[in-house]
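Undergrad: Letter by letter, the chains look like this.
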Amino acid sequence: MGFETLARRALDTASVRGAHYADIRFENVLGERIEVRNGVVASLADGRGCGYGIRALVEGAWGFAASSDLTETGVDRTAARAVAIARASAAMARERFGEAPSQAYVDRYATPIVRDPRDVPLGERVALLLEAEKLAHASDRINVGRSWLDLWRTEKFFYSTIGSAIEQTIVQTGSGVQAMAVGDGDVQTRTYPGDVGLYKSGGWEIVEEAALTQNAQRIGEEATALLSAPQCPSGIFDVILGGSQVSLQIHESCGHPAELDRVMGWEANFSGTSFLEVSQLGKLRYGSPAVTIVVDNNLPFGMATCGYDDEGTKSGVSDIVRDGVLRGYEMSNDTARAIGRASNACVRAQSWEFVPMIRMCNLNLLPGDVPFEGLFDGVRDGIYMESNRSWSIDDRRLNFQFGCQIGWEIKNGKRGRMLKNPTYAGMTPQFWSGCDAIADAASWNAWGTPNCGKGEPMQTGRTTQAASPARFRQVSVGVGYS
Amino acid sequence: MNRMRREAIARRAVERSRADQTEVRIGTSDESLTRFTHGISNQNVAADDVTIAVRAIVNGRTGVAAANDSSDASVDALLERAREMATFAPSDPLVPALPAGGPTEAPTGCYVEATATCDPGSRAKIADDILTRVEREHYWCAGYVSTSSSGTTIANSSGALASFDGTDAQVNVKATAPDSTGFAEHHAADVREIDGSEVGARAVELARASAQPRAVEPGPWTVILEPPAFGELLTYLLGHFSAQSFSDGSSFCSDGLDRTYFDERVTIADDYRHPLAPAMPFDYEAQPKSVVALVEAGVVRNIVTDSYYANKLGRPNTGHALPAPNAYGPQPLNVVIAPGTRSAQELIASTKRGLLISRFWYIRPVDQKRAIVTGMTRDGTFLIEDGKVTAGVRNLRFNQSIVEALGAVEFSSALHRTGAYGSSLVVPVAKMERFTFTSTTEF
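So the sequence lines, in the order shown, correspond to chains A and B.
Position one of the first sequence corresponds to residue 1 (my numbering), numbered consecutively onward.
Position one of the second sequence corresponds to residue 1001 (my numbering), numbered consecutively onward.
Check before you lean on any hint, since a few could be wrong.
Between beta-carbon pairs, the in silico distance windows are [what the hints assert, rightly or not]:
| # | chain 1 | residue 1 | chain 2 | residue 2 | range |
| --- | --- | --- | --- | --- | --- |
| 1 | A | 482 | B | 1132 | 43 to 53 Å |
| 2 | B | 1113 | A | 91 | 16 to 26 Å |
| 3 | B | 1192 | A | 339 | 39 to 49 Å |
Stretch by stretch, here's where chain A covers chain B in the computed footprint (C-beta under 8 Å, at least three residues) [as the list claims (entries may be wrong)]:
| # | stretch |
| --- | --- |
| 4 | 1166 to 1175 |
| 5 | 1211 to 1222 |
| 6 | 1334 to 1347 |
I should point out that these hints are in silico values taken from the structure, not numbers from a laboratory.
Note that the Cβ used here is the ideal one computed from N, Cα and C, for glycine as well.
Isolated chain B, as found in the complex (with noise of 0.2 Å):
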């Protein structure tokens, strides 16, 4: 379904409903995903669908419905359920009018052809170019290639008509030696970009330099955090900028805000338009999305609201609306990290003893208020001696506040695109001067 069908869809369904307030969210998606693991593809899949959700707003009482169906009998039958649905919740008075939109601008390089259009052949033909460059070193090697396009619409009673089309190309590999493994990963909006010989490789290289790992003690260490690790550890701090978070107090900075909680060489934006990771203008409400300084120099300035917080607390609407219904709040979902000054090579360099880590696994809240968490380190843990890495090390438990590791950091001077669990980071390699390892593994 493309652009104009979308947005007729969406424009006959606000002028029939019989809501005071009414928003209508087309989405369309068609991903493809091809797995492949020990020589063989163990999962190739690819599906599409059109998803159809409407909001109404009675008198402050909200119900949502949503099918995918996009036939006009459908669309009229969720306009109705979601208004009987509305009759029965109570009034809330915070409820805002629904956001008058505005012109927004796709970011260069959302949308590639080559990406939506690219065959079953074409992934399976990076994933055999990286199982080829594993076998060459006899290791084995688990890993992925996915592309997908998708379609949003939104229209409201408001006024607001917005849409948007992107493309996403991903890959990621583990590679697998005797005693050690090593992982890579390229994201794009252009498969094009993505040579699975070059990915393979690097995951070979980090398995072939992490062979024969070396039991290390725990304890605080200065580390050295790779973009898929630093990345992977902040993913846990975003929601700390969420206006609902801060509300509810549950926030590190629930406190205040223009407080400095981190080392002032941290800066921290919500930036949907960088060039490694251009997304969506505007939110899932179809208001425009601003680019938001969380963080400037150490000193947290911002979080993130939709209307409905933005009303709450009497602060702008940034745009950071998720779908409706929404319990979780606004979230930042295009965060990006300033760079340092340095290269990543430079702070290995300056690191008298410390480690450098590839990749978190199974990170987990322990303290919500202080950010503490938890996690392991794998494919690819390395000592650091005298500024140069000297060997492989066994996988180890951290738990560590991320407000605290974020005290005491210095950022590479490059930045890298890395995702997890539905959002895109732009990050830096991280230095942390202090950070608490409390068990081992064998392996």
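With the rest of the complex left out, here is chain A (with noise of 0.2 Å):
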């Protein structure tokens, strides 16, 4: 029995038990993790599956069931249990919080690609993996070598009571490849490209970006040089970060507290609340007028580029942070009515077993108009970073700590040697206010992280920050060393 008709037959069943809107999201997923590992593939594994998950409203209240049994048993079984938890959710309620959607749409939407990357043979696949893993092999002190491949294909088939029918294919793909030197007592690690690889929607043609082979063996010689760098020293410095590491600062300093049901306090317990009140839209000062942040969710190679988010609602562009001032927040239909806006679409689920709640998506740092080496002029002592290490960041998003793979003195605008450890911190509006410029479009990149974790139960989403290098005043680095 095709998705069409078990929905249908999902829909009634929870129509009838009392839901007065339901939708049921079918997910066909293939996923395929290649991992070399000194020499040796650690892993060559393809993964397929398939179900669905029902989300039911009844009361004011949502009730949700997932289950993989694609028979008109399992559907019926499925609707009605996602009606009883409903139930359940309305029966401790205090007030009615979930709507419907409003709005119904029919449509399509499938990543373009350029090769799909299972048109490559297997074989080459692990060729190409195996070469990149060798060759990262510069030294007799890298202790691991590792390079990897990730693909992922999901099939999409949404449905809902209100009339939508959206079917949606998306292509995600990734690589990387990594060297760990050791000696003296220490560990050093790099990756290339960034800090997990480079990951983007799209085909083949991401793995050919990515690049693994022409940079595999720098990486590893920069591992072995690290184990005798100096250390970073300690201080305040003028920082520049590498367009990956400001990716991340993007992701853990905006992107988890513009979640609206952060800041509403329904993660509290877990990974925590925000300082971006809904008082203080349209007035809070986050950064300098050089930062402007917005979702897009149409962004080319974007890992949350789609059609339609997982409630239905149609992909769009919206201001986070423009010109440094508050503007907005990742959206889902039931928290931006609670502000009295409309959804942005910012609503995922890690596939069909998981309910769909507010999840990073696209959401980036708009270039500036500096060229990337124009970012070094004007400083003169500071520090340049790449390649994200360690990171941590408070349960508002305020005092952070990150460290990085690489860094290098900057003195009198020249690049000068390289520097082991280097970390940096801050309190997050205080650093985005000393951004005082952002490399420009040539140097702007979609930077995909295919592990973000968020929700009971724990849900893993695929998310990019795209971002340029840029160049933050009179930051605190070397702590955690000093």
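Hints in hand, dock the two standalone chains.
TA: See the structure below:
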């Protein structure tokens, strides 16, 4: 029986049992992970999953049930379970909060790809990783070399009682290479590209863009050199961050605090709350006028790019921070309505068995107008840092401390000697207020993160924070090693 | 899907495989969770699934294929797919024979029918009890109540066949007062042990006691870590006891075992049988789990292994494999810290000036080899003066080597189960003499 027929049955069952709105999302997921470790294929795995999740709204309260049982009986049972859970939610609720979406869509979307990764022979995929990993062993101090490839293809079929029927095919691809050097009581690691690899929506062209074999030896050499590099100094310095590190800085200090469910306390017991309070909308100076951050779920190559989110809301572009001032949030239908706005389609579920919730999607720092090398001009005494190695931020997203894999000192506008263990710390608004230059579009990249955690049960999200390198004035450096 | 059905599918699959060696792993799960905040359930969910994974080994080459369809046709396709994938990997001479398994016995209390059959109304009742208790103080809260059941069956071509069924119930809540917060949790195999009002009351008490927090200076402090805080910190040391990190040279103890790294009062075991956290008696290769003495009186004695690392390092297989494919190496998942002799109250009473910490947040490694981590306090941080808790304090950031922190430590006499990110920990309250804080917050 096809998904559409099963969907009709599920939605009818939910309605008959008392739901005044219901939707069902089928997903057919295909994933492949190949990982090479020290010349051995440590993972060569192919995973396929198919199932569905049903949301039911009863008396202003939501219930969600999911199953991989694709029989008529299974669908009936799961729809009934979703309604029973919604009734339990309603019984304990002090107020009606949930409401049905109002806009229905009938549409299709597919990720544009140049070459389907599965058209590349598996032997060729494995051979690429073996070669890259081998090259990363640039010295006998490289104890661990790794290279990896992730391929995901997700087919989604969304139907709702208000008439939505949306089919989407999302293709996401990522790869990376890493070298870990050990010696003299120290461990130093370098990764390329960025700190987790290059992850984007798209096909094999994303792997080609990563250029693993062209960079593997260099990162092996850098990891080795870091063992004997001087320690990054401690003190107050001007700092230039590479693009992937700026991406993570956005992720942790803007992407998460701008999730409206978190602002409303829904994540308080787990991933925390937010300093971006609703009363501060349009008033809070988040950063310098150079800082504009937007949600763009139409972004080419964005990991979260799709036609519609998992509530069936159409993707679009909206401001979070404009010219340094807080302007908006990442929102769902219910949370947006609570502050008098409309959803900006930021609802995602990890896969069919998870409830859709607000997730950081494509949340990007718009590029500035300075060439990358121009960031160094005017830095008399500073540090340039690349590729994250450590990240931590408090549960209101203010006090943060990040570490990078590698740094270089900057003296009078010139990049100098390599430094190991660079760290920096600060408070979010002060840090972004010190951002006085952002590199231009030539170095802007859609840096994807494949493993963002949130929610209970924990869900892993795939998100992008497009960014270019940026300069920050008067930053506390060297914390943790001083 | 019950145990008999899982075993029938697994046996059939192993028999039909054309690979040199074959492992079939079947997992079933039925998990429900009720999340609540501000007087509503913001997420109330349930999901059931089955996963079938086949590991095929051909001439030292390994492929894994998985799907959530248990039909004969799907399983047959998995067998072929895994075998086909294996042909693309280079041969690894260290790949050993799959473990032959052996008799295992699940500890008492792993499976409780009342938890497996807990309905949405019962979870909502616990959540409602917590909400009611917190609302009485005019605080707000966020938390969850979860119940789950799971089944695992593993069979392989070396003759192993192992099955396990377990249940778990968890609740936690953070209560928020005007300028303070408090946290409480309860983990159990039997949901009937959980009293929502009692859990809510504990969170309320911490929030009330930490009201009007004072600022204290960062720097070295004597700290007393409640079980959720100590457990979270310890989580970031456990990977160092993996044979993989030991072999890589990235573990703090890679330079050698049988050396003193910690205070002599530190004894750590991996023990799936502990009554506070009974667990599966075999690993994800069907190897019976050993109870492993990781640390004895401050001396690191052992690391945990799986079949691959046992073969590579010439050590016994301790039964700590994760599901294949596993690039993380074997891991200790059932860690128990041996208790001390004094009560938690006595540890506080013996402290001239220090901090009592309820919970940590966002701990991350800063320096792998030295096990330096950073993180924040949250949900109840208190000043101890002259043996008494005198005030709540604002939250602080720490940068601390866990190895060094365990170099001067005393534990309470009572143990508690706490949990974080897929593993369970049985830990006491811990008093550490020199713990370094590097910055503060305004809350």
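Undergrad: What hint numbers does the structure not satisfy?
TA: 5 and 6
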